[in-house]
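Engineer: For this one, chain S is given, so just place chains A and V on it according to the hints.
Chains as they are written, first to last, in our numbering: chain S, 1 to 295; chain A, 1001 to 1235; chain V, 2001 to 2441.
Please note that the accuracy of each hint is not assured.
On the chain S side, residues computed to face chain V include the following (Cβ under 10 Å) [unchecked claim]: (1) A3; (2) H14; (3) R150; (4) I154; (5) M230; (6) F262.
No more than 20 Å apart at the CA atoms, straight line, and that leaves these computed lysine to aspartate or glutamate pairs for EDC-like [stated by the list, open to error]: (7) K2104/V to D125/S; (8) K119/S to D2053/V; (9) K119/S to E2381/V; (10) K2046/V to E185/S; (11) K119/S to D2393/V; (12) K1132/A to D183/S; (13) K1103/A to E185/S; (14) K119/S to E2045/V.
Computed far set for chain S versus chain A, every beta-carbon distance over 12 Å [as the list claims (entries may be wrong)]: (15) F33; (16) L106; (17) V108; (18) N120; (19) N130; (20) P140; (21) C158; (22) V167; (23) P195; (24) L196; (25) F235; (26) M279; (27) L290.
Hints in this document: simulated from the structure, not taken from any laboratory. Virtual Cβ for every residue (Gly too), placed ideally from N, Cα, C.
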Amino acid sequence: MNAIAVMLITQAVHGLAYGMLLFLVASGFTLIFGMMGILNIAHASFFMLAAYVAFQIMAWSGNFWLALLLAPLAIAFLGILMERVMLRRIRRFKLGKALVLFELMLTVGIMVCIEEAVKNIWGTDPQIINAPDALRGLIPCFGMTYPAYRLFIIGLACSILILLSIVLFKTRLGNIVRAAVQDAEMTVALGINVPLVFTFVFGLGTWLAGVAGVAAGPLLTVFPGLANQMLLDSFIVVALGGFGSLMGAFIISMFLGELTAFGVQFFPGYSTIILFGFMAFVLTFRPLGLFGERE
Amino acid sequence: MLLEVKDLNSYYGLSHVLQGMSLTVYSGEIVGLLGRNGMGKSTTLKSIMGLVRPKSGSIRFQNQEIAGHESYQIARAGIAYVPEERRIFSNLTVLENLMMGVKPGENQYQGGWTLAKLYHHFPFMKDRSAQKGAHLSGGEQQMLSIARALMGNPALLLVDEPTEGLAPLMVQEVRDVLLKINKEGVAILIVEHNLKVALSLVERVYLMGKGHIGFSGSVQELQSMPHVQEQYLSI
Amino acid sequence: MKSIRAIAPPVTCICLLCLYIISMDIGAARAFTPLQADFSSYDPEKQEIPSGDTIKVGLLEPFSGQSASAGEISNWLLGWVVHDINSQGGIMVDGKMKKIQVIKADTATQPVVAKRALQRLILNDKVDFFVGTAGSHIAIIGNQMAEKYQKIFLNYSAYSVHLMNAQNFNRYTFRTCSTTDINARGLAYYFSKTPIRKFYILCQDYSYGQDFGASMKKALKEFVPTAEVVGEVYHPLWLKDFAPYLSKVQASGAEMIISSDWPPDSWNLMLAIDQMGMTIPVAGQFFDDPRMGENLKNKKVGLGNTVVNFHLCNVETERNSRFNKIFHERYKDNAKVQIDWPTGVVGGVIGHFYWFFDVVQRAGTLNTEKIINLWEGDTYESFAGKLTMRKCDHQAVMDMFVSTLVSPSKWSKTGNGLGYQEQAVRIPADIVMSPCPEGLK
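Chain S on its own, in the form it takes in the complex (with noise of 0.2 Å):
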């Protein structure tokens, strides 16, 4: 193979695999703004804790696929518990249209609550969080070699996203998300307890964030300001591919991973300016983002 070809892939791979693990963030936090109106600033610090926890995890029992495991359980489990004890109250309140100001207060209270009680437990110093053995080679493949980690990333979330169309699309569970993302109140006068179906999306979204926490370890230092780093990409995906729209997160997250790396092989310095005159550019003219539906 000539060398371009395989710069030309070696690039596609690399973003896919940033892409994919953007998506696997991106997804619930879109998620979660579709259906709730909620804008979780918290989102990406769930995601930094479970990488956190996962460390702690390997530093108890060393072994990786139980962290990959329980990380994201631990996190799902914050995450439900965030949403029935405080979300839903706060939405009890007759709070009008004050009630967005209040919630986005809430996550971003959240979120440095998070972020300090990550400094007080595991400090601030970088922590390290290894691949098992298996999977920290290179693996040959189509002619040339690649990190095997970086397509256990890919893998992983080709799988989660499958599951997740599969129980999107093909499933009453699915349907009812979908409704409920589009029109929460018509979905529960028709007799849906749409509460319960909020805090499901709230613990997918956020198990979702936990799997993208603990696959990300290895392959970046664990360390406080994890969070913010993801918070913005995240966002990005979700205004850009449209509030609520899982496609549109899915779209935005591989033309952004794409997007760095090819930016980096023939334009670095222009990524950036690129990608957010992208954003200015969609954002005048459809301000709901390219695959949004719904105000």
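Structural biologist: This is chains A and V only, laid out in the frame that chain S set:
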């Protein structure tokens, strides 16, 4: 008595929309709720449905107090809602929209409204069951909204402005559908702007003043009192 | 009489001895000497706060946000010196023994926050001087406020050359750390003695990284005319994915990456090199973290990493050996600090703090003007060698040190992992220092 609303007070923020609202619906009848814009007709339906939480007053449905209950509980008790502007799920297919109306629980097909029966009443839905709701015309969307409500086999249907924005032929069709449904034993409380349509449909009417009932009586009684019509209806 | 005469010599002797001991005691109380304290009890998180009349030092660092760890490290190093001096009684200033009190101010690495925090330090806490700070864009605010309020500002960790040029210099600000320019010249000079010629510049995309990249190109031209910069890319701070950059590096045929990155970027770069199956070494200031080695799967990764610094623990001087030994005793079994030897800037910055307090001690006063006058041109024997405060731009003049990483290394955490070569290469000050900037008054 199917539904009894008594001294209902509801607010939107600080504005006192329902001010001691009372009305009654008996089993199997069609009742019209008429009045000018901004009197609180839609809010009355939303309050019954639990979408607006009433501050005080009572709503009894089949002899059970439902005021303050969660909306989905009220729906499960046997009230269905056909909202203004149809609000069908444009992302979902026609079939998926219909299935959203199915209520969880055992006595699902109690009233006999099944998919087959609805397809019989609305043949276009069968042909276009795999299409997205967004691709239907306004009239078709209205039919879908009504059919979706029927999937839950309600004892009472709350219908809000079903003919708004529809072509005359379609208005006629909606009217016929509502009459057919009523013949199957479903009571209907309808908010309707078009007086002619309303009077041809309902047996009794309530006219709303600011947040409360100003007149109630049969269609004949209303027609014999032009000053009442003048007071509550004309613009 | 006879008996008196008989006992006179021993009595005199005893009296003299007493006097000598007393005077020694007074002497010891008057002047601190570095590394006298018992450090086994030293914990930066449980520092004793002296009460009463104290010397107040403001510590301007990020304690929140992404760079919070930089602040914690500075607090640890300053605390070390303060612990040492306070346990020796403090410093004699203006006729009174005073202990040192550190007051932390959080910059969050944001100029607006830093300015407010600094104002509070000066106006409310009434600090005698302040020290800092991570980030040249924050240090510049330190410069401005030092001049405005006429307080001495010791900058031990902002490296941008521009901080002490004609435009930004003021007589209240002193810099003890090196600069991007000095670091680059040290590295380039070192490379001139090696066969490595193909370099890839991969730095963070902000002033510090840009400065370092520019300095590096200039220095390579001067010291290694045959060197080739085969690529130059600036990546966003706190980069999430190094892979696309490394694929580009790989294609360029570079033998060495030159990078200004600091943690977590420096760590992520090394992890990514490992994951991509590459072994290319990296040169810079922060590619020597001993914790790194344990987390790299391919044991060849990190070998040949080249570190340049104004201090390294493998510099063989008597003072440095003593400091290393004390530090090693304190931290070899400490899980929290995770390092065994004072790697990186640790010993250097501790030395700078000792220097500053020594200047204060010799000035014998907190009077700003007197301290400035004494410090300008002052020379101090620190752990790794002589430091001189250049009068023209208040930039410390120092030898630089370069080390490559080898394995096994006695300086690694396990004693046989990745770490510094046995002994650092000393590059004399007159090679690395650039002349005084033009246009200074």
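Engineer: If you check each hint against the structure, which ones fail?
Structural biologist: 4, 8, 9, 10, 11, 23 and 24
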